Every structure is written in C-alpha cells, then in structure tokens.
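Peer 1: According to UniProt numbering, the sequence shown is numbered sequentially starting from 1.
Treat the hints as calculated values from the structure; they're not laboratory data.
No experiment lies behind these values; they were computed from the predicted model shown.
It is possible that part of the hints are untrue.
[As the list claims (entries may be wrong)] Derived EDC-like pairs: lysine to aspartate or glutamate, alpha-carbon spacing no greater than 20 Å straight-line: (1) K323 x D527; (2) K390 x E351; (3) K563 x D631; (4) K323 x E380; (5) K110 x E91.
[As the list claims (entries may be wrong)] What follows is a list of derived Cβ distance ranges for each label pair: (6) I217 x R740: 26 to 34 Å; (7) S678 x L437: 17 to 25 Å; (8) Q622 x S678: 38 to 46 Å; (9) I232 x E666: 44 to 52 Å; (10) L311 x N737: 39 to 47 Å; (11) M190 x R787: 51 to 59 Å; (12) H657 x G117: 36 to 44 Å; (13) N737 x M228: 33 to 41 Å; (14) E523 x E666: 53 to 61 Å.
Cβ coordinates follow ideal geometry from the N, Cα and C atoms, glycine included.
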Amino acid sequence: MTANCYHCGEPVLTGDTYLVEILNEQRIMCCPGCQAVASTIIASGLVSYYQYRTATADKSQLVPDEIQSFTLYDNQDVQQDFVSHNGNVKEAVLSIEGISCSACAWLIEKKVFSLSGVQSIRVNSVNQRATVQWQSTSIKLSAILKAVHEIGYQAAPFEADNQEQQYHQQMKQYLYRLGIAGLATMQVMMLAVALYFDVFSGMDETFRQYLRWVSLIFATPVLLYSAMPFYINAWRNIKARSLGMDVPVSIALLFAYFSGVYATLYDRGDVFFESVSMFTFFLLLGRFLEMRARRAAAAASANLLKLIPKLATLADGTTVAAKSLNPDDVVRVLPGESIPADGVIESGSSEVDESMLTGESLPESKTVGDSVFAGTVNAEGNFDLRVTHKRQDSLLSQIIRLQDEAHNTKPRIAVLADRVARYFVAVVLVISALTWLYWYQLKPEDAFWIMLSVLVATCPCALALATPTALTCATSTLSRSGVLLRRGHALETLPKVNHLILDKTGTLTTGNIELRGHTLYSESSSDKALHIAATLESFANHPIALAFRDIPKAASVSDVTNKIGHGVSGCFEGKRWRIGKPDFALSDPEFADQSDDQIWLSCEEEPVASFRLHDPIRESSQAFIDAFKADGVKITMLTGDSSNSAPELAHALGLKHWVSGVSPEEKYAFLEKQPSESVTMMVGDGINDAPVLAGAHLSVAMGSGSDIAKSSADIHLLSDDLSHLLSARHLAVKVRNIIRQNLAWALGYNIVILPLAVMGLVAPYIAVAGMSASSLIVVTNSLRLLRNSQ
C-alpha cells in the first residue's frame, strides 16, 4: 500500500528517501521540497502547526497559509523547482496576485528594482507574472517577495496549476461582488425613478426621505464590499506616490456615496446612490470580462507546463515523480505517453509528435542517439531514453522562460503608452477639479454629478491595455507555430525590415551535408586522410563536421585549435595537420582554384586531400525568398563558403546579391557598412554567425543552430522551416495595425468624451458604460490575434 506524504498528503513514490522527525516520529515526505519545508517549520519552532492543522498543506503553494514565511523560499531544495542559475545570478518567474493594470506593473518594477542586488525585473500586467533576476550574494528571494508584499501584492513562484486555482478563485470573488452590485443596482434604480421622476405625484417629504434611507442601505454593501478591489488598488498607488487607473474611480465612488450620506442625514441636496451602485456594477462587469479575455491571451505558456506528465516509469519498472528525474536516469516510454524529460534515445525507435514545440503537424522519426523533449508525445513504438536535463533545464522550461522574457520586455510604444496613461490620470484629476469649480459657480446643483462623469468617463484603462494585450496575444500565437520571441522589440522591428541577410549552410540549405568524394594530393593513403580529417572535424561545431561523423577517427591528435569560420588544426605524428578553407589549410591558397572542392586537408600546409560536399536546398527557401522579394526587401546571402557552391545556390534561388568566403569578422564588417536607412534582419545557425546576429537590427536563429547563435538572436525558430518566419512577419504587420487601432480608439474616445463630460452632456451612467465598453473593445480587438494561426 502506497503511503501519503505527511506534509502535503500526496502519494509517496520514493519510498522512505525523504524523512523528517515530527512529533517524535519519523514522517515520510514525497519530495525534497516537502522535506525542506517541513524541516524549516520544525526548525522555526512551529511544530504546533502539525498538531492543530485541519488539512494537509496545499502542494501548489509549497508553504501552508497558517505559517507562510518568505524565508522558506530561500531554501535551496525548495528553489530547485523554480529558480535557474547563471553563476551568482538567479532568475525566477513569479505569479503576482492583485495586478489590475499597467500602473500596478510599473509600481512593482519600481519598488523591486530599487533593492540592492536586484539586476532586473519585468512585470506583465496581462498574465500577472514577473521575471526577476538577482545577485544571490547580495539579496535573498525572501527580501524580494517581502518588498512586493509591502506595497500590497502577493508574490509566489509561478506554477501553472496554482495560478489556475488563483484565477478561478479571483473569478468567483468577482462574481460575488458583481452579483451584490447587480442586485443593489436594480433596487436602487427603482427607487431613483420614484425620487427623480416624481412617479408618485404629491409624494410626502417623509416618504421621500424614507426612499433615500432605503437607497443608502442598498448602496452601502456595494461600496464596502463590491467596490473594494478599486480602493485597494488606489491605496497601493497612493502609498507609492503613483497614480493608477483606480484612483479617479475610487474618488468618484467615495465622493458620490458620502455626498449622498450627507444629503440623507441633513435632508439637503441630491443623493447619488444609484450612481454608486451602477458605477460599481459596470466597472466590475468590465473588469470581469477583461480578466476572462486576458486569461485567454496568457494561457498558452501556462498550458505548456501541463504537457509534462506527473509520473515517469524507470527502465526497471519503478514509478517516480517526473520532476525528480536527474541526468543519466533511464526512463521507459510506451506508445501514447508524453515524454517526461529531455533525453537521448538509448534503445528502441518510434514516431514522436513534436507539434507543441515546432508547429509541425507530422510526427518525427526517432531512433537510437536522437534527442527527444519533455512534453512531446510518443506515437507508436517503445523506447528507453537517458535523461540529459533536469525539468527546470528542459527545452520546454527554456521556451516558457523565453516567452515570459518576451512578454515582459516592453517595446518603445508600450513604454510610451504606459507613461501617457499615468500622466493622463493626473490630468483627469486636475480637469475634474476645475470642472467642479466652474459648474459650482454657474450651476451648483449640477457641479457634483458633472465632476463624477469627468472622473469616470476619461479613466485611461483602454489606453493602458492597448499595447500589452496585443503583444501577449501575438507572442502566444507565434509560440504555437514554433516561433519564440526572445526580445520584446522583435514584433515591432519585423515589419520594418528592408534588408534580409541570410547564411547559406543550415539556413538556405538543410545543413545535412554529405561527403560526395575526395581527391588525394600526396602519398598518404585515402584511409589515413579520411581518418585524420574526421578526427579534426570532430572538434568543430559546424554542419560540415557532420559529413565526417561516420568515418573512423585517428588514434591520437593533440594540440587541437579551432579557428571559427576558417578551420581546425592539430598535431598528428609530430606534424601539424589542418582542415578547412584553402587560405587556412594551404600555404598557397591559389592552388585550390584548380578544383571545385570546398574543404582541404593539409600537412605542414601542403595539400593532402580535398573533399567534395553536397548540401541540399531547403524546401521552404525558394518561397521564403520570393515572398520577401515581393515585399520589396533587399536580400543578401552572406556565407563563409568560398567554393563555387555559393554562386550556384544564389543563381538557383534567384538571388542578385551574395558575398562568399567571409569570416565572422568580415560578416560583421559587412553589416556595419550598411546605410543608416537599412533595417537589417540576419538569419543564421552557426557559431560563425553569432557576431552578425548580435549586430543586426533583428536576428533569427534556426532550430538546429548552435547554442551561441541562439543566445545572440532575438527570435528562435524551433523548427528549420523558414515559412514560420514568413508567418511571423505577416503577424507582426497585423500586430502593428491592431496596436494602432487600439491606441487610436483609446485616445480618440478620451478626446471626444472629455469635452462632452466637461460640458455636462454625459450622464454618470453613460460615463461608466462608455469607459467599460472602451476597455472591452481594445481587449476584444487584440484577441483577434489568437485566431491568426487557426
């Protein structure tokens, strides 16, 4: 019988590996995280938690509510599930509860970034997540969480299941608040009709006063309960000396309510209880629908994590938690099962569905030695895989981190919109005060409701939502088609590209280079030349090296040097051997002009052999080039290949511009020489492309590219299909248009409604309906981007 974890109550699949002594007994835990938390609870003298608790701890929360302490998250065992390391720099994705607009995100960023040791923080108001980097030697994670807590928000490590629970809980609370506001609005509006439209002719003043008191009773729970989220957000902003969207809303609600209380108590002036109830109802309704729309935009990356199974079966038949798998564990995967970890197939073969990563619908054939990734699905055969990465280092986890990085990196237009929205709130408050002063002198009985209309109608919620919702929707759509945005400016720059620069090998061609033959130029045997060439190429990370991978290697090559973009050299039998371009391998490079062969092997810089290589053109290359040509984009092929294959490929694809035989430094120099009006996009896959990828206005790394190329690029293609990049460009144009539409609507609405409200032509209920509708129009327009790939 399987035991349950003493801390969280989940089944224990690891035997008695994790034990903690609690209440004088050894208690079994299911994982290192529960063991670490339980140990910290005991060490903190809080053993009474286990004596008096009424339920086990919530697994998704790691720490029970009753004794939640930020210091628990400093424990290394707890952090291993959600913190990534790069030396002393740590990075984590946090869920932040309570974010309602971009002003909240700005406030959190400002507060946390002011802490010593925090290197960066980027908060996304749409998916309510933050990516934070900090120096572990200078600050602890608990201090960051505490700082977020101090300004009124709750932060915790992001977990897909936990965030979904928080979302449903939030929606339930909004429904409760919305229901109370709706019921009160109906009742108060009926009373308002009686009060203001003289339904009961000759109404006694005592009865009129009675109706006011009844209206006050109905409006009070709306103000104290239903409208509470607006006050909380407004107070957070005021404490931080910032102005958010809910500041004018809260002022309007409180002013309307307390002026009504004064009028009711002293029987002097008008009451606005129907406005309080209606304001709150429409605001909550708009916020509720907005949350649902934003949820649809932010769900993609959270859903990716759910693709990794909870359990895994080891080769010996033992079932373990998938998150506990370590490198070199051997896992058995059966047909129809999701792969639990990144690894290499050790035995067996199968077809693997990788559509969730690459966007390709057809399964990929996998056999011994091939890599497979967590979350993909085994379609047919059985196979054993040897785990190569822990869960937090898996390709899927990296994709999610890249998505969050793209979500949280704001392009210039988003930063500008946020800044305008914050200043606009201040302008609205000033205009509202001046409006009241003007109308109080001209028509005192109308001054108050006109001021309320100005406060509510011009709240710049739509302006703040215009850009982030569109960018989040677009990023989610691209990730489903196998295109990852690593930097936020990518979508902004993609439509502006007017000069496309392409690598040849592995980009326009498949990179599956084949050795078609060789020619000897010395007394060395053919086998010896091939063995030495294969050994030297085994030290290179370039598609050409793959052509030699199946050739047996020489026994002992020493003092190997790899000159990126040129070739590899090493010592064999006391002599220096070189393989690479003619100008690297040969003392007389002109000797190579007599041959079409691309790669040369030399001994002491004298020719030994040359090798003929073949690299097929990628299927998507021609359509990709034709599409960019049709858009008027200049296209240049920039390659280190100095053989005749470069001009032959350019001719085959109809390219007018190409530069061949260039080193990484020369590639970068070519980029630097481009005129200032050129907006360049470089697409490459190799180490020799890294400098030019880093220097281009926009850079794209192919899916099969080297790690250094990917780290230098703004966009990653998870597959090698160039048509996905073409789709990304089309989507980027659509994003640009939708952002412009959103901003035009948001600004246009405020420009039109503000003078009308100041002139007293907008009733309070029209003001709140217009503001809510404006926000929903912007969000709904952005959601069209989610349907782009369908």
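Peer 1: Evaluate each hint against the coordinates.
Peer 2: Checked hints:
1. K323 x D527: With Cα atoms ~48 Å apart, K323 and D527 exceed 20 Å; violated.
2. K390 x E351: violated, 23 Å
3. K563 x D631: Not satisfied, since the Cα-Cα distance of roughly 38 Å exceeds 20 Å.
4. K323 x E380: violated, 24 Å
5. K110 x E91: holds, 18 Å
6. I217 x R740: 26 to 34 Å: violated, 48 Å
7. S678 x L437: 17 to 25 Å: violated, 55 Å
8. Q622 x S678: 38 to 46 Å: 24 Å Cβ-Cβ, so the 38 to 46 Å window is violated.
9. I232 x E666: 44 to 52 Å: violated, 59 Å
10. L311 x N737: 39 to 47 Å: Because 46 Å falls inside the window, the suggested range holds.
11. M190 x R787: 51 to 59 Å: violated, 42 Å
12. H657 x G117: 36 to 44 Å: violated, 49 Å
13. N737 x M228: 33 to 41 Å: holds, 38 Å
14. E523 x E666: 53 to 61 Å: violated, 36 Å
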